[in-house]
Structures are given as C-alpha cells and as structure tokens.
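With chain P fixed as given, assemble chain H onto it according to the hints.
Protein sequence lines, in the order shown, are assigned to chains P and H.
Our numbering applies: residue 316 is where the first sequence begins, and numbers increase by one.
Our numbering applies: residue 316 is where the second sequence begins, and numbers increase by one.
Source of the hints: derived by calculation from the structure; they are not laboratory data.
It is possible that part of the hints are untrue.
[As the list claims (entries may be wrong)] Computed beta-carbon distance windows for the label pairs:
#, chain 1, residue 1, chain 2, residue 2, range
1, P, D575, H, L574, 51 to 57 Å
2, H, R354, P, Q506, 53 to 59 Å
3, H, G355, P, P530, 41 to 47 Å
4, P, T327, H, L527, 22 to 28 Å
5, H, A492, P, Q546, 43 to 49 Å
6, P, P530, H, G422, 38 to 44 Å
7, P, P523, H, A405, 44 to 50 Å
8, P, P523, H, G345, 20 to 26 Å
9, H, K446, P, L578, 26 to 32 Å
10, H, R354, P, P496, 57 to 63 Å
11, P, G368, H, G509, 55 to 61 Å
12, P, S482, H, L521, 32 to 38 Å
13, P, T317, H, D524, 42 to 48 Å
[Claimed, not checked] In silico negatives: residues of chain H with every beta carbon more than 10 Å from chain P:
#, residue
14, A394
15, R559
16, P568
The beta-carbon is built from N, C-alpha and C at its ideal position, and this holds for glycine as well.
Now for the letters of each chain:
Number of protein chains: 2
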Amino acid sequence: MTVPPQPTISGTTRVYALLGDPIAQVRAPGLLHPVLARRGTDAVLVPMQVAPGDVTPVVHALRQVANLHGILVTVPHKAAALALADRATARARLAGSVNALRREPDGTWSADTFDGDGFVRGLVEAGHDPKGLRVCVVGAGGAGSAIAVALLDAEVAELRLVDTDPSRLDTLRRRLADAYPGRVTAATGPQLAGLDVVVNATPLGLRPDDPLPFPVTGLPAHAVVADIIMQPAETALLRAAGGRGLATHPGEPMLAHQLDSYLDFFDL
Amino acid sequence: MTVPPQPTISGTTRVYALLGDPIAQVRAPGLLHPVLARRGTDAVLVPMQVAPGDVTPVVHALRQVANLHGILVTVPHKAAALALADRATARARLAGSVNALRREPDGTWSADTFDGDGFVRGLVEAGHDPKGLRVCVVGAGGAGSAIAVALLDAEVAELRLVDTDPSRLDTLRRRLADAYPGRVTAATGPQLAGLDVVVNATPLGLRPDDPLPFPVTGLPAHAVVADIIMQPAETALLRAAGGRGLATHPGEPMLAHQLDSYLDFFDL
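For reference, chain P alone in the conformation it holds in the complex (with noise of 0.2 Å):
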C-alpha cells in the first residue's frame, strides 16, 4: 500500500489541535495531512484526548502555545467549545456548538461549526437532497444541533428532533422554532412514522457494544438512515437499516465535504 505524503513537521510548522473522547476514531488528520503535503502547506492536526471536565483548562492552555493557530473539536466537546470562543457565527450561536475555533491576529478565538454545511452537502450529493422532506435527527449534541440548523437551512418540510434529555431538547427547540417557525417539531423517543430521512446524530455506535441509537423498523419503506460516525464506516444501525432494505447514508461524506471548509476557515 503506498502511503500518502505527509506533512514535514519542524518549529516553523503551524500546529493546529484536534480534540475529542474517545480519539482514536478521529479521520480529519489522514484526510487533511495529504491535502496540505500536496500543496507545500507548513501545518499539522494533531489529535487530543481530552475528557470533558478537562476541556476547559486545556484549551485556555493551548491558546498559550503561540504556534498553535487553531483547534478542532469533535465528540462530545462540541457545544463547551462554543464557550470557549471570543465570537461565533449566527449558526454557530443558533446550533449552540462550533466545531473549529482560529487564533485571529490580535490573539481573540473565532469559532464556526461546519458539520451541518458538510452533512448536508454530502447528503446531496448521495441524491438525497432534504429540501421539502420530512427529516429527523436523532441526538440533539453538538453534532445533531449544528446538522438541524443545516437542515431547515436546507429548507426541509419539518425537522423533527429527538433526545432523550428532555431539558436538552427543549432548549434547543425553542431556539429553533424562533429561527424556523412552524417547521420544528421535538419528541423524547423515536417516532419514525412518516419520515422520509433520520440521522443518527448520538455517538452510540463509536463502541462496539453500543445499543443502535433506534430502531428502524418503524420507518417507511422509501426512508433513508443517515449516520454521523465515521469509524467504524459500516455502523450498526447502517448495517441493520440495509438490512431491511433502506438506503444509507455513512458519517465519511460529512467530514470529506469539510475539508475545503478547515482549509478556508484557518487559511490554509
């Protein structure tokens, strides 16, 4: 197997941080680190573990580290990110998550959330463009909200969207259906009933023994199911919906079609 070029990594090298829990799971450093090899772009995305109660200090801490430049942050960090930023973009502010933060040149953090852009896109481009469907979404984190705001960007018919915390949903829901009246709907549980697409946008199925986030019995014949994650590519709930004959949709597209999203936002 030929391996891809790398980046060369000396003390001129812009370091950007990626952090998450679990880590190991994490692609955007085997798909970004090609990309910036072939162009000759002096930068790396190094990965970080970081538990949630330590997210804070440790990000107080790297905005010390005067070459790092910038910061990703995936599961479950997502929506402490966005306190951690001096500004947000309004659909950063509305999903109440940002999943990248830039050093700005006075030493100020921006933050913006490219995951509702890049699920949607990918999702399109798979021949599933949501606009006037009805579409749940499953988990409404840091992922899941920034994916719902995509979505009625995206002009869906009715975005439905399902937690189990209820105090979790609620505030979302609220935010939403102020931004996009009439076309928000929230429920506790799962009612697939007359959907025509569901994302799972919880973390369960990152671990091998995680329950499916839902079952896809309930769902119409002509539904698509949409998963988040990444790695394992082929999730539980994908192999279960296929198997019951749905279309799928994996978590890969979302992350690929943000890669000229990163590139753009720290100017790489």
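Chain H alone, transformed into the frame defined by chain P:
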C-alpha cells in the same frame, strides 16, 4: 531534494510535545520523525512555543491529554520542568534541570536530562575527549548545568562555571562542589586563560543580533570552542573562534547523540 519519510498521524498516534521559546530553531522533529517513520512507530513530536510564565499551566494541561505520552523541553524551560515531574534521575536533580518527561502507566511523570550525556558523546566522537582537561561551561541554565554534570562524570580535571547571575551560579556551584569535591570553580565573567575547552551553554547566538557569549581572544591556541546552539549551525561565536584558528564544535552532535536516548526513554 528527496523528503525523508514522515509519520502518518491518526487518532491512535502517540503524541509528544516539544516545549520551547523561541521554537522555530528546534531540530528534534526533523531528526526523529524519519527514524520513527522508518521503524513504523506510530508517534509524533509536536513543537509548541510556550512563554516562561505559561509553562507550568501548559504542562499541567498537557498532562490531561490522554494520548500525549511525553514532553521534550528546550530553552528556557529546562529548570522549570524539573519541578513539574513527579520524579527525576539523580543526574537531573544534580543539574537542576530536565529535558524529557514521560507519562508512566500509573499516570505519574518521570523526568531525565540527556543534554549532558549527548554533549559529551558528541565531543568525544569529534576527537575532543574532555577527560583530564580544564573545561569551562558558560551559562548555568538548564542545558549548561546538565552539561557540567556530564563533564564531571567524564572526569574533567577542572569544571569552571560561568554565569552573569551570581545567585544562580552559586546555587549550581555548591551543589556540584558537594558531589564532585575539588574540581568545580565558578566566576561571573569568563576567565579564559589556561582552558582546554569552552562551551557556550547560553542562548546567545540564537538571534542574529545577539552579542558573543564570551570573547575568544583570551583562549590558548589549542583550545576547543563548543556551542550548543543548533540553528544557525555556524554561530557568530564559532565563526570568531574559527577565524582565530581555534578548533570548533557545533550544536548538532549534542542533539544527534540524544536521539537514541529519547527513543529508549519514551520506549519508541
């Protein structure tokens, strides 16, 4: 120019940080990464520029990064880093500085210093065995103190310490004089007559407009002038010494002779 092989970074990569200020001059990643890549060792060394006032909180934060297995330390953090380890080797405690910290399986951190051993091995390989010689180390900071310990272990006849800070100088002189009675002298300014080897262990020479750390005019014709600065390879000091016809010894061998020590220490 052929690019040497570089590590392929993923979520399973063991991360090591290299802390210094400035950082652009560091050479360790460029020397270590081709070795790691050729061995197939899944590890990366990431330079991080951290100001002296920030090194303690940054190290505390890095200890919370679960896939970060160790830290290399360069100018000016080597003395401060000793206090950040849970334990250190006898030579590191004697030098009062460390340049490598390792996470142990129980979560504690162990430290050692390889500067002195690397420096002496490089000097010997270049044909300048210091045994029985009169050697002066200019700069009683982290690297200088480690080099002083290693030179005493290598049986120099006299080890003369020079530093412009009388308090720092006296602290190191006393500690070394206790451990190596009758061989340690100290001065706040260079007294170069009768010396066989003089080592610059100050950061002077890292920046193009730095003054010389000491004048080379007072040295005997057979003296060797060594510098621990690696970038630029030929410092103004070495150029001045060479211009006077003195033998010179550059900074790179000190690092090159530490690589195997790093690999052993970090079990890479």
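Flag every earlier hint the structure violates by its number, smallest first. 1, 5, 8, 9 and 12
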